[in-house]
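Novice: Sequence:
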Amino acid sequence: MKLVAYIGSYRDESGDGGGITVLAVSRDGRSLTPVSQVPEPREAGYLAYLDGTLYAVDERKTDGRGPVEPAASVHAFAVDPRDGSLTWLNSRLAPGPRPTFLSTDGRVLVTANHGDFDHVEHVVRTPDGGWTVEYLYDDSTVILYGLEDDGRLGEIRDLHVLTGHGKDPNSSPQAGGHGQASPHAHCAVIDPSGRHVLVCDKGTDRILVFALGDTLELESAYAFEEETGPRHLAFEPGTGRVFVTCEFSSELASFDFDATSGALRLLDRVSTVASGYQGRNEPAEVRVHPSGGYVYVNNRGEDSLAWFRADHEGRLLRLGHVPLARSVHPGLAARSFAFDPTGSFLLLADRPAGLVRSFAVDADDGQVCPLTTVAVAEPSFVVFAEVSG
Numbered sequence: 001m002k003l004v005a006y007i008g009s010y011r012d013e014s015g016d017g018g019g020i021t022v023l024a025v026s027r028d029g030r031s032l033t034p035v036s037q038v039p040e041p042r043e044a045g046y047l048a049y050l051d052g053t054l055y056a057v058d059e060r061k062t063d064g065r066g067p068v069e070p071a072a073s074v075h076a077f078a079v080d081p082r083d084g085s086l087t088w089l090n091s092r093l094a095p096g097p098r099p100t101f102l103s104t105d106g107r108v109l110v111t112a113n114h115g116d117f118d119h120v121e122h123v124v125r126t127p128d129g130g131w132t133v134e135y136l137y138d139d140s141t142v143i144l145y146g147l148e149d150d151g152r153l154g155e156i157r158d159l160h161v162l163t164g165h166g167k168d169p170n171s172s173p174q175a176g177g178h179g180q181a182s183p184h185a186h187c188a189v190i191d192p193s194g195r196h197v198l199v200c201d202k203g204t205d206r207i208l209v210f211a212l213g214d215t216l217e218l219e220s221a222y223a224f225e226e227e228t229g230p231r232h233l234a235f236e237p238g239t240g241r242v243f244v245t246c247e248f249s250s251e252l253a254s255f256d257f258d259a260t261s262g263a264l265r266l267l268d269r270v271s272t273v274a275s276g277y278q279g280r281n282e283p284a285e286v287r288v289h290p291s292g293g294y295v296y297v298n299n300r301g302e303d304s305l306a307w308f309r310a311d312h313e314g315r316l317l318r319l320g321h322v323p324l325a326r327s328v329h330p331g332l333a334a335r336s337f338a339f340d341p342t343g344s345f346l347l348l349a350d351r352p353a354g355l356v357r358s359f360a361v362d363a364d365d366g367q368v369c370p371l372t373t374v375a376v377a378e379p380s381f382v383v384f385a386e387v388s389g
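Each residue of the sequence shown is one higher than the one before, counting from 1 in the UniProt record's numbering.
The set of hints was computed from the structure by calculation and includes no laboratory data. Backbone N, C-alpha and C fix where the C-beta goes; we use that ideal spot for every residue, glycine too. There's no promise every hint is true.
Stated by the list, open to error - Pairwise CB distance ranges (calculated):
#1 ARG309 with ASP128: 54 to 64 angstroms
#2 VAL123 with HIS312: 52 to 62 angstroms
#3 SER14 with GLY194: 54 to 64 angstroms
#4 ALA211 with THR87: 48 to 58 angstroms
#5 LEU93 with GLY240: 28 to 38 angstroms
#6 ARG309 with THR87: 55 to 65 angstroms
#7 ASP258 with ARG125: 39 to 49 angstroms
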């Protein structure tokens with residue numbers, strides 16, 4: 001079997017980047033060789049691979065008038081078993097701007113659509129006959145798609161429009177302090193049992209838990225305090241524990257998850273940055289080592305890849321970090337990384353540097369150390385696949 005990695009990227013203002021790059025990856029992570037590239041989707045900010053099919057978001061916001069820009073969508077690609085190259089299968093509309101996350105179990109595909117921060121000032125009449133304005137924001141959605149036997153995307157089976165808002169204005173510089181003026185679903189993860197979907201809504205400081213069937217039914221919600229901003233979550237193999245990056249409070253949280261009831265129970269919360277760090281920081285991706293025990297987070301602000309030990313009770317201890325390229329702002333920073341199937345190394349999309357970085361991972365203490373890099377314009381996401389070759 002050969003190892004390949006798919007690198008999603010954004011298109012910048014000069015026309016560089018965009019699409020998906022296929023890398024041939026050596027088993028020790030020391031060689032990264034571009035094999036092929038597809039130019040669409042243009043804003044390939046998130047990818048998911050399963051059983052010979054690659055799924056990708058096109059993280060757009062349409063102007064609503066067309067045909068200047070296509071609408072937000074999700075795409076399916078067949079993976080060539082010889083070299084991992086991609087053949088487009090089909091796409092589906094993703095109602096709600098900026099789809100930012102994908103999760104699949106082979107039966108269905110779930111997306112989280114973040115929505116933009118822009119608002120419309122709407123003039124309304126007050127009950128006493130006067131006039132005022134209200135601000136209307138993009139809808140943030142969670143979408144459930146069916147999947148065909150050949151991996152193609154089926155029709156939308158269900159769609160939930162999220163409601164509510166967080167503290168507005170808040171202390172984050174995002175959107176001039178209005179990053180929580182409306183909901184913002186940033187991930188939608190199918191749990192290992194296949195019975196639930198967990199959604200981090202950073203706009204309302206909640207994790208929503210949906211029962212997964214032919215539709216999505218809201219079961220429960222875990223509410224953080226104001227200005228926490230849950231962004232991404234990851235399950236630890238075999239334990240039922242969940243780890244969550246909290247964007248606005250710059251924390252990593254651990255939870256116990258009951259796969260029968262769908263209930264979350266908080267275990268621990270720690271800062272994602274080194275003691276003494278004074279600047280602004282907003283963590284992004286979280287991944288658990290395939291063998292469990294160690295949790296990894298990339299920080300935007302401190303600009304680092306940090307790792308933590310998680311003990312058998314879910315208590316967290318920050319062990320160290322390696323530096324990454326200096327971020328321009330939280331949206332233009334290192335955004336994603338992924339472990340190879342064995343957990344012996346990881347690849348990280350370091351967007352400001354225009355590089356995909358390979359790091360060796362020490363199984364004994366979780367430490368990472370640099371191996372090599374390859375240039376990819378505006379890299380945003382990494383996912384691995386094994387092909388027969």
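Novice: Now tell me, hint by hint, if it's right for this structure.
Specialist: Hints and how they fare:
no.: 1; hint: ARG309 with ASP128: 54 to 64 angstroms; verdict: holds (60 angstroms)
no.: 2; hint: VAL123 with HIS312: 52 to 62 angstroms; verdict: holds (58 angstroms)
no.: 3; hint: SER14 with GLY194: 54 to 64 angstroms; verdict: violated (43 angstroms)
no.: 4; hint: ALA211 with THR87: 48 to 58 angstroms; verdict: violated (35 angstroms)
no.: 5; hint: LEU93 with GLY240: 28 to 38 angstroms; verdict: holds (35 angstroms)
no.: 6; hint: ARG309 with THR87: 55 to 65 angstroms; verdict: violated (42 angstroms)
no.: 7; hint: ASP258 with ARG125: 39 to 49 angstroms; verdict: holds (48 angstroms)
Violated hints, in rising order: 3, 4, 6; the structure is consistent with all others.
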